[in-house]
Amino acid sequence: MASTATAQQIKNLWKGGVSPFRASYGKLMMWFFLLSDALTFSGLLITYGLLRYSKPAYEGTRDAFVPSQEYWPIPEKIFDGMPFLHGISLPLVFVAIMTFVLILSSVTMVLAVEAGSRMDRQGVIKWMLWTIIGGIAFLGCQAWEWSHFITGSGKEGWGIMLQDGTLFTGANLHMNEYGPQLFADLFFFITGFHGTHVLSGVIINIIIFYQVSVGVMEKRGHYEMVEKVGLYWHFVDLVWVFVFTFFYLI
Amino acid sequence: MGLDEQSSVEVKPVDKSKVWLLVKVAIILAVITIAEFAIAYMAPESWKWFKITVFVSLTIVKAFYIVAEFMHLKYEVKALIWSILIPMIFVVWLLIALINEGGAIFHAIY
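Residue numbers (the working numbering), protein chains in the order written: chain Y, -15 to 234; chain G, 169 to 278.
Keep in mind the hints are simulated off the structure, nothing from the lab.
These numbers were taken from a predicted model, which means no experiment stands behind them.
Heads up, a few of these hints could be off.
For lysine-lysine, the following DSS-like pairs were computed, each having C-alpha atoms within a straight-line distance of at most 27 Å [as the list claims (entries may be wrong)]:
id: 1; chain 1: G; residue 1: Lys192; chain 2: Y; residue 2: Lys61
id: 2; chain 1: Y; residue 1: Lys203; chain 2: G; residue 2: Lys180
id: 3; chain 1: G; residue 1: Lys219; chain 2: Y; residue 2: Lys61
id: 4; chain 1: G; residue 1: Lys216; chain 2: Y; residue 2: Lys139
id: 5; chain 1: Y; residue 1: Lys212; chain 2: G; residue 2: Lys180
id: 6; chain 1: G; residue 1: Lys184; chain 2: Y; residue 2: Lys11
id: 7; chain 1: G; residue 1: Lys184; chain 2: Y; residue 2: Lys110
id: 8; chain 1: Y; residue 1: Lys212; chain 2: G; residue 2: Lys246
id: 9; chain 1: Y; residue 1: Lys203; chain 2: G; residue 2: Lys186
id: 10; chain 1: G; residue 1: Lys246; chain 2: G; residue 2: Lys192
id: 11; chain 1: G; residue 1: Lys186; chain 2: Y; residue 2: Lys110
id: 12; chain 1: Y; residue 1: Lys11; chain 2: G; residue 2: Lys219
id: 13; chain 1: G; residue 1: Lys180; chain 2: Y; residue 2: Lys110
id: 14; chain 1: Y; residue 1: Lys11; chain 2: G; residue 2: Lys192
id: 15; chain 1: G; residue 1: Lys186; chain 2: G; residue 2: Lys246
id: 16; chain 1: Y; residue 1: Lys212; chain 2: Y; residue 2: Lys110
id: 17; chain 1: G; residue 1: Lys219; chain 2: Y; residue 2: Lys39
id: 18; chain 1: G; residue 1: Lys192; chain 2: Y; residue 2: Lys110
id: 19; chain 1: G; residue 1: Lys216; chain 2: Y; residue 2: Lys39
id: 20; chain 1: Y; residue 1: Lys212; chain 2: G; residue 2: Lys219
id: 21; chain 1: G; residue 1: Lys242; chain 2: Y; residue 2: Lys11
id: 22; chain 1: Y; residue 1: Lys11; chain 2: G; residue 2: Lys186
id: 23; chain 1: Y; residue 1: Lys212; chain 2: G; residue 2: Lys184
id: 24; chain 1: G; residue 1: Lys242; chain 2: Y; residue 2: Lys212
id: 25; chain 1: G; residue 1: Lys192; chain 2: Y; residue 2: Lys212
id: 26; chain 1: Y; residue 1: Lys110; chain 2: Y; residue 2: Lys11
id: 27; chain 1: Y; residue 1: Lys212; chain 2: Y; residue 2: Lys11
id: 28; chain 1: G; residue 1: Lys180; chain 2: Y; residue 2: Lys11
Derived DEER-like restraints, expressed as beta-carbon distance ranges [what the hints assert, rightly or not]:
id: 29; chain 1: G; residue 1: Met210; chain 2: Y; residue 2: His70; range: 20 to 28 Å
id: 30; chain 1: Y; residue 1: Pro4; chain 2: G; residue 2: Glu213; range: 22 to 30 Å
id: 31; chain 1: G; residue 1: Tyr243; chain 2: Y; residue 2: Gly71; range: 46 to 54 Å
id: 32; chain 1: G; residue 1: Lys192; chain 2: Y; residue 2: Leu113; range: 17 to 25 Å
Beta carbons are placed, not taken as given, at the ideal position from N, Cα and C, and that holds for glycine.
Please take these sequences and the hints and turn them into a complete structure.
Following this line, the structure appears as structure tokens:
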């Protein structure tokens, strides 16, 4: 880059003449931000690991599983609901669909970046729109997942009998029918923190989508901003890959 | 922005091989997710450690493809690649250390 730059460009290139890591300022800062964000998510997931292994594991068979405060639940028995199919046990199917939606939106994002590198405004508009739709679809799925988790599945023999004789189902930050309280707390914190990232990603995508549509990037002469929000969006997808494994599969 | 200004921007033709690479990565990610899902469903309950090992390694494979191809890290300079990867290696160490610690807490309580 530096070897082909004109004198005027060199002046602006981080003022030292050569850009560090041969990356632009904005992209490099996005990478550093993502690294610090990755450390935050690692902190949450490592906390999950620590707390999980400090509690007894469920010893019985999968079919005989009934949740109890005494042991950590097995996730495929907890997350087996599906919209419109109440009462049918479909372990992890809905979460797998959510994972697919997010991966697909990551693919459309990378196609938007590719179109941007060719200065193809129509392509960027098309693929960013699909990315935004994918993000919103994921958020909708997560909203369903949360409301299902909070209200409870209503399975027979599940729930906590309260002292006044009423049956508590579902979970909140004080009570949890699925297992130790920490399980529900970690569910809310980890998926909630990730969902917040998806939400802010969708909002940023919408802003950039608007700017692309009115021709801001064309005027600027490059689509680097799409690349930067693309980095953020892939990171959100990446985190979900880890949440899917450590929270739902293991 | 005027119309003639729009038409002055030259759209380069699609590089088919580049798009095909991205589609290939997408297919790999989809296949791995299906495989994980199938293993969670079908592997017997007693294969707990087998499952954990497979899930963690497949997750790392997926993470590699997302970071290397989608986030384009593979094509950055080596110094940047290492600046991102080395802190993450310390995270792996922290994960192992604290899961071990969790086991110690378990033995102290139960």
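Each hint tested on the structure:
{"no.": "1", "hint": "G:Lys192 with Y:Lys61", "verdict": "33 Å, violated"}
{"no.": "2", "hint": "Y:Lys203 with G:Lys180", "verdict": "17 Å, holds"}
{"no.": "3", "hint": "G:Lys219 with Y:Lys61", "verdict": "16 Å, holds"}
{"no.": "4", "hint": "G:Lys216 with Y:Lys139", "verdict": "26 Å, holds"}
{"no.": "5", "hint": "Y:Lys212 with G:Lys180", "verdict": "21 Å, holds"}
{"no.": "6", "hint": "G:Lys184 with Y:Lys11", "verdict": "26 Å, holds"}
{"no.": "7", "hint": "G:Lys184 with Y:Lys110", "verdict": "18 Å, holds"}
{"no.": "8", "hint": "Y:Lys212 with G:Lys246", "verdict": "20 Å, holds"}
{"no.": "9", "hint": "Y:Lys203 with G:Lys186", "verdict": "26 Å, holds"}
{"no.": "10", "hint": "G:Lys246 with G:Lys192", "verdict": "24 Å, holds"}
{"no.": "11", "hint": "G:Lys186 with Y:Lys110", "verdict": "18 Å, holds"}
{"no.": "12", "hint": "Y:Lys11 with G:Lys219", "verdict": "37 Å, violated"}
{"no.": "13", "hint": "G:Lys180 with Y:Lys110", "verdict": "17 Å, holds"}
{"no.": "14", "hint": "Y:Lys11 with G:Lys192", "verdict": "25 Å, holds"}
{"no.": "15", "hint": "G:Lys186 with G:Lys246", "verdict": "22 Å, holds"}
{"no.": "16", "hint": "Y:Lys212 with Y:Lys110", "verdict": "18 Å, holds"}
{"no.": "17", "hint": "G:Lys219 with Y:Lys39", "verdict": "20 Å, holds"}
{"no.": "18", "hint": "G:Lys192 with Y:Lys110", "verdict": "21 Å, holds"}
{"no.": "19", "hint": "G:Lys216 with Y:Lys39", "verdict": "17 Å, holds"}
{"no.": "20", "hint": "Y:Lys212 with G:Lys219", "verdict": "36 Å, violated"}
{"no.": "21", "hint": "G:Lys242 with Y:Lys11", "verdict": "15 Å, holds"}
{"no.": "22", "hint": "Y:Lys11 with G:Lys186", "verdict": "21 Å, holds"}
{"no.": "23", "hint": "Y:Lys212 with G:Lys184", "verdict": "23 Å, holds"}
{"no.": "24", "hint": "G:Lys242 with Y:Lys212", "verdict": "16 Å, holds"}
{"no.": "25", "hint": "G:Lys192 with Y:Lys212", "verdict": "23 Å, holds"}
{"no.": "26", "hint": "Y:Lys110 with Y:Lys11", "verdict": "23 Å, holds"}
{"no.": "27", "hint": "Y:Lys212 with Y:Lys11", "verdict": "6 Å, holds"}
{"no.": "28", "hint": "G:Lys180 with Y:Lys11", "verdict": "23 Å, holds"}
{"no.": "29", "hint": "G:Met210 with Y:His70: 20 to 28 Å", "verdict": "25 Å, holds"}
{"no.": "30", "hint": "Y:Pro4 with G:Glu213: 22 to 30 Å", "verdict": "51 Å, violated"}
{"no.": "31", "hint": "G:Tyr243 with Y:Gly71: 46 to 54 Å", "verdict": "50 Å, holds"}
{"no.": "32", "hint": "G:Lys192 with Y:Leu113: 17 to 25 Å", "verdict": "24 Å, holds"}
The structure does not agree with the numbered hints 1, 12, 20 and 30 stated previously, though it agrees with the rest.
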